[in-house]
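K.L.:
Next come the chains, spelled out residue by residue.
There are 4 protein chains.
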Amino acid sequence: MTEVFSLEPTADNVAYTFGGHAPRLRVPAGSIVQVDTEDCFGGRIRTTEDLPSQVCDLAHLNPVTGPIHVEGAEPGDTLAVHFAEIRPRRDWAVSSTFPHFGALTSTGTTAMLHDALEERVWVYDVDTTRGVCRYQARRSDFSVELPLDPFHGTVGVAPAAGERTMSITPAAHGGNMDTPELRSGTTVYLPVNEPGALLAIGDGHCRQGEGEVCGTAVEAAMSTTIVVDVIKGSPLSWPRLQDDTFIMSTGSTKPLEDAFRVSQRDMVLWVCELTGLDLLDALQLVSQAGLAPAGNVVDTNYTMVAKMPTQLLGGGAAVFDGVHARLADVARQHLAHR
Amino acid sequence: MTEVFSLEPTADNVAYTFGGHAPRLRVPAGSIVQVDTEDCFGGRIRTTEDLPSQVCDLAHLNPVTGPIHVEGAEPGDTLAVHFAEIRPRRDWAVSSTFPHFGALTSTGTTAMLHDALEERVWVYDVDTTRGVCRYQARRSDFSVELPLDPFHGTVGVAPAAGERTMSITPAAHGGNMDTPELRSGTTVYLPVNEPGALLAIGDGHCRQGEGEVCGTAVEAAMSTTIVVDVIKGSPLSWPRLQDDTFIMSTGSTKPLEDAFRVSQRDMVLWVCELTGLDLLDALQLVSQAGLAPAGNVVDTNYTMVAKMPTQLLGGGAAVFDGVHARLADVARQHLAHR
Amino acid sequence: MTEVFSLEPTADNVAYTFGGHAPRLRVPAGSIVQVDTEDCFGGRIRTTEDLPSQVCDLAHLNPVTGPIHVEGAEPGDTLAVHFAEIRPRRDWAVSSTFPHFGALTSTGTTAMLHDALEERVWVYDVDTTRGVCRYQARRSDFSVELPLDPFHGTVGVAPAAGERTMSITPAAHGGNMDTPELRSGTTVYLPVNEPGALLAIGDGHCRQGEGEVCGTAVEAAMSTTIVVDVIKGSPLSWPRLQDDTFIMSTGSTKPLEDAFRVSQRDMVLWVCELTGLDLLDALQLVSQAGLAPAGNVVDTNYTMVAKMPTQLLGGGAAVFDGVHARLADVARQHLAHR
Amino acid sequence: MTEVFSLEPTADNVAYTFGGHAPRLRVPAGSIVQVDTEDCFGGRIRTTEDLPSQVCDLAHLNPVTGPIHVEGAEPGDTLAVHFAEIRPRRDWAVSSTFPHFGALTSTGTTAMLHDALEERVWVYDVDTTRGVCRYQARRSDFSVELPLDPFHGTVGVAPAAGERTMSITPAAHGGNMDTPELRSGTTVYLPVNEPGALLAIGDGHCRQGEGEVCGTAVEAAMSTTIVVDVIKGSPLSWPRLQDDTFIMSTGSTKPLEDAFRVSQRDMVLWVCELTGLDLLDALQLVSQAGLAPAGNVVDTNYTMVAKMPTQLLGGGAAVFDGVHARLADVARQHLAHR
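Protein chains in written order, with this note's numbering: chain B, 1 to 338; chain U, 1 to 338; chain Y, 1 to 338; chain Z, 1 to 338.
Errors might be hidden in some of the hints.
Stated by the list, open to error - Keeping only pairs whose Cα atoms sit at most 25 Å apart, straight-line, the calculated DMTMM-like set for lysine to aspartate or glutamate is:
#	chain 1	residue 1	chain 2	residue 2
1	Y	Lys232	U	Asp57
2	U	Lys232	Y	Glu71
3	Z	Lys232	B	Glu181
Claimed, not checked - Here are the simulated distance ranges between beta carbons:
#	chain 1	residue 1	chain 2	residue 2	range
4	U	Arg130	B	Arg26	50 to 56 Å
5	Y	Val144	Z	Arg87	33 to 39 Å
6	Y	Asp329	Z	Asp278	45 to 51 Å
7	U	Arg134	Z	Gln136	53 to 59 Å
8	Z	Gly233	B	Thr245	41 to 47 Å
9	B	Ala22	Y	Glu273	47 to 53 Å
10	B	Glu49	U	Val144	42 to 48 Å
11	Z	Pro147	B	Asp12	53 to 59 Å
12	Y	Val4	Z	Asp115	52 to 58 Å
13	B	Glu145	Y	Thr48	51 to 57 Å
14	Y	Gly43	U	Ala59	37 to 43 Å
Hints were generated in silico from the structure; no laboratory data involved. Note that the Cβ used here is the ideal one computed from N, Cα and C, for glycine as well.
The shape of chain B in the complex, shown without the other chains:
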């Protein structure tokens, strides 16, 4: 039976940057890890009266649990992280606007002369049994249930070149990509830049629309189970994802068309690898069969996702020698027997 490790989001076990931290846990490749996470506000927003700019310490936003040293991971390798289960830890979650943050407001970089939009908090009831969370308007009686679709906005490793990067930034090391594709059942592939990879996870979302327009999702503390593995000698330029239906490339940069370009170029190269197609033949196939949802258009970098159905590419089994299926199988057995 695979050994199960665990890490709690205590003050000693969370970080606010990727890079620059000693491991809080060491696990062998192939391990199951129970990683609990606090929400992006550090759990300080609990009512609609708790405004983030007032109750949060801005230097301590978006805590990530970790880093976790995965044994055997060396620079140039790829770390595979399979999300086995992502479960909200509370029966409530929160969202908010935040002054000068979001896609439809002037920000510190899309700098304008407008005053900030109103800072407003929404509290959602979360019902994991029924699989729903409830949106309740603040200025009217309007209310509606939305399906739970929990995922982690932030998952990443230590960056390359000795950089240390705020946890709110998505980039080549992963980080705050904020794409709903990072749900349970997905395997994310991350480039290893430091020995042990130094994985960290946070920013649980009960659900989120594509783009994360207002700047925050339905933010929640999560109880999460992952399975980690190391793929030797296969360097990645940008994070990739895989679920049972799709392979996915990501790009996190600005402007948004460059994030799109990065993700699509990576997908074209990936399709070349998997099919033996030449560059333009792969481009043609991706152009006609790919999906391109926005991840986030609010963070310090924007994230676009490129998706291709594995069924068109000879099936997903060939991808990284079938690691996704193997980790999914470990996950299923673990969840069935706990």
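Add chains U, Y and Z to chain B, keeping to what the hints say.
P.N.:
Then chains U, Y and Z, alone, in the frame of chain B:
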């Protein structure tokens, strides 16, 4: 029984700009119109040897059939165009790269010092009975069937302010939005800028990935049935769409984040109208429940789409007084009885 | 003696689009033309109480005087327009903010949820004798004289491909480039797309900072003298400029880095033509010796300018066979003898 | 007499990130520091045969000399760094293209399918006596002298939020802004994020065009004299500059219009501080009197500069209580007496 009009893509019935053309057909609001279209290459690419830059007249790319004057449409009104059926007219379709056009190549505006990528043509077999088209690699034996999902890349009306705009440009008047959402079953809402709206349609695609990365889709001549109607006194800023499940806003501009912003802002305002939510409450709901696929990231403007499930908004019946359902019903009856 | 033509900005002699208008004047190549222009507000803003959104007809902003048919100009040729003199016609000028227009405000395309910034008008005293205009703050006593540096924000010809483009848009046909480089002493080179080129000029500015941040300059009606000529068989992709010291390329598109790329790529190609350098050698020289000021970052397209000192390139005489010097000479003689 | 400190660019005294390094030198506020720097290639490119991708270690590009701890500098303060002298240390300098780096090539983020442009090196003769460097084409005999205008592309401090950032990145902490305005005679103001500020300097350029189009300037090792001072209790959001004629704000982000917005907004706020104008009155003045040259359009962030003549703002003496004039005076006296 609703009268059925028709328009063939003869030389006299096509245009290469939106605006600047006398109507080729006048129809009453509520009409069914059979609009046949030629492909974006004017039908001149038939084999892999027919390179667009050689066989096409660059001033005559992307012919649109029309314009059609819809009686009663006045500036400030909204034109509703329901796609009843979009059927490929031939058993083949084509795609290609084109020198300095596409998302992953230097272009006339993302101007660089690179030579153009290779110009290459792909010919697809189209099987409308089985609902598939076949991708065949040019440099290997790789081949795979893709589901047909026909739509019109280009649908629009005469622009505002007396402008005359190339048919390859998407903007506030519609035009070359190149989003797969423009399939049969969808109603598109367009702002009326000139008396009669002056609707034109073209650029049929057997299918296309989101973003249209290589610059062209699986391009085909189409036999298309639409139902048109006029919504009085309801001015739009940007084209909107509706199908049985979603309402959709579009934005077509550059950079891509501005296209995203336009589409999301329009959706927030639309949700306000439909639900009575205030601006921030609507923003919150869209942020958690919306989808944001790329339309195209290759044309003279880029297109993003914002989608919201109508089910969360009290159902689609309230949208423009239920015109979508009415037109869809007209379409169904027409198709059942012809 | 060169014949002198003239055109007054009467209602019959102004347009609000480039393209789509019959010539209001025909002149031989080589002519001197006295072109008077109204300001961008049509002269309707005369006091700080005249708010543009209230007193202006939005469909009639930015009148351009013309079009002028220059005989012998054929598609594929280049039109040279030398600004001999640009003189404010009144002893006052105006500037303003405008709702949702400008670089530091949410706009129709950088779409946000902010209310518009305050609409405010500034009236400048203009003293052509002393060569100054006076800035007077609206909310304090602060006041300062600024040097006059009159230029035309808008100069262009009929667009290619049968398009008709609002006068507020800068693009390949010229239009509303809003760069202070368009001052007297400068020759602008424009691609000819229609017989006679169909030149029009407007949007006089007493002066403007680079970028035109608030959206408007010190707007004034102008009395302007130009000398026009036709350069046969030398097609341009984008407008170019020349004064006694610099050659300049322009790019007008979005995002701003693409406008930069367009202008820089065009300059690299131009340096190749003038010096015989190969592409990379020219790139190197431009990289070390070029200037890159912003034109405007507020219009429907943004404009960047690339400047190179002609002295480094063997002198300006070789540029288009010395047409700039010839036209400047005609201008000097004309101004000296009138 | 002010004490003079010095720091040599030995292996122990250079860094490749801002942040994450212990001070190599401690100096009191008010000190003169002689800071020598190696060129961005670490001095490894000496002939046209030395291609950067072959002879350079990519993890060790752009060494900066430092960090220097300036006593008394605390988070929230501003560090003033006056460039007294910047003198090339050798009689040659180099420039190059670099695979997939530059404004007119596909890059890692403006990701395309093109092969890299040719990697080519240019060696410049540097004559500090005559104040010129000589451009020599590689593929022809063309050669021309360019004026020396030495500056440091890179100057910055430890970033905020515990980040550690590659020296090739410009951002709020300064870094690789690559604007020619960083020449001798200029004072740069940097936000202090860590005790002692942790200043580092590198990337000397004999000269550079605006935008640094090809990706590198005329790169040289420099012998540089700075005067440093601490302005207490005056936090900055972004680096500012001042010379005898202008105050300058900078913005370093993507897309380029956001860099423009950041720099212009900061300038508007600065003008408010200096003149007492309200926001819109300051916006108006900046709009009509400001300059907006590109810094770089090639690095991991792009840099724009906003310039205002201090003469219009009551003179430069009021800026940060006249620190620029004081430091310039210290510099002049030092240079006169050494």
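K.L.:
Just to be sure I understand the hint, the distance between the Cβ atoms of Glu49 of chain B and Val144 of chain U should be within 42 to 48 Å; is that true here?
P.N.:
violated, 56 Å
K.L.:
Taking the beta carbons of Val144 of chain Y and Arg87 of chain Z, is their distance inside 33 to 39 Å?
P.N.:
holds, 38 Å
K.L.:
Per the hint of 50 to 56 Å, is the separation of the Cβ atoms of Arg130 of chain U and Arg26 of chain B within bounds?
P.N.:
holds, 54 Å
K.L.:
Take a look at whether the Cβ-Cβ distance between Pro147 of chain Z and Asp12 of chain B falls inside 53 to 59 Å.
P.N.:
Taking Cβ atoms as reference, Pro147 of chain Z and Asp12 of chain B lie about 58 Å apart, which means the hint holds.
K.L.:
Between Val4 of chain Y and Asp115 of chain Z, is the Cβ distance one that fits in 52 to 58 Å?
P.N.:
With a Cβ separation near 55 Å, Val4 of chain Y and Asp115 of chain Z satisfy 52 to 58 Å, so the hint holds.
K.L.:
Could you grab the alpha-carbon distance between Lys232 of chain U and Glu71 of chain Y and see if it respects the 25 Å cut-off?
P.N.:
violated, 47 Å
K.L.:
Taking 53 to 59 Å as the hint, is the beta-carbon distance of Arg134 of chain U and Gln136 of chain Z inside that range?
P.N.:
holds, 56 Å
K.L.:
Taking the beta carbons of Gly43 of chain Y and Ala59 of chain U, is their distance inside 37 to 43 Å?
P.N.:
holds, 38 Å
K.L.:
Run the distance test for Lys232 of chain Y versus Asp57 of chain U: straight-line Cα separation, threshold 25 Å.
P.N.:
holds, 23 Å
K.L.:
Holds or violated: the 41 to 47 Å window for the beta-carbon distance between Gly233 of chain Z and Thr245 of chain B?
P.N.:
violated, 57 Å
K.L.:
Within 47 to 53 Å or not, the Cβ separation of Ala22 of chain B and Glu273 of chain Y?
P.N.:
violated, 60 Å
K.L.:
Check the hint pairing Lys232 of chain Z with Glu181 of chain B against an upper bound of 25 Å on the C-alpha distance.
P.N.:
Violated. Lys232 of chain Z to Glu181 of chain B sits at ~47 Å, over the 25 Å cutoff.
Comparing the model with each earlier hint shows violations of hints 2, 3, 8, 9 and 10; every other hint is respected.
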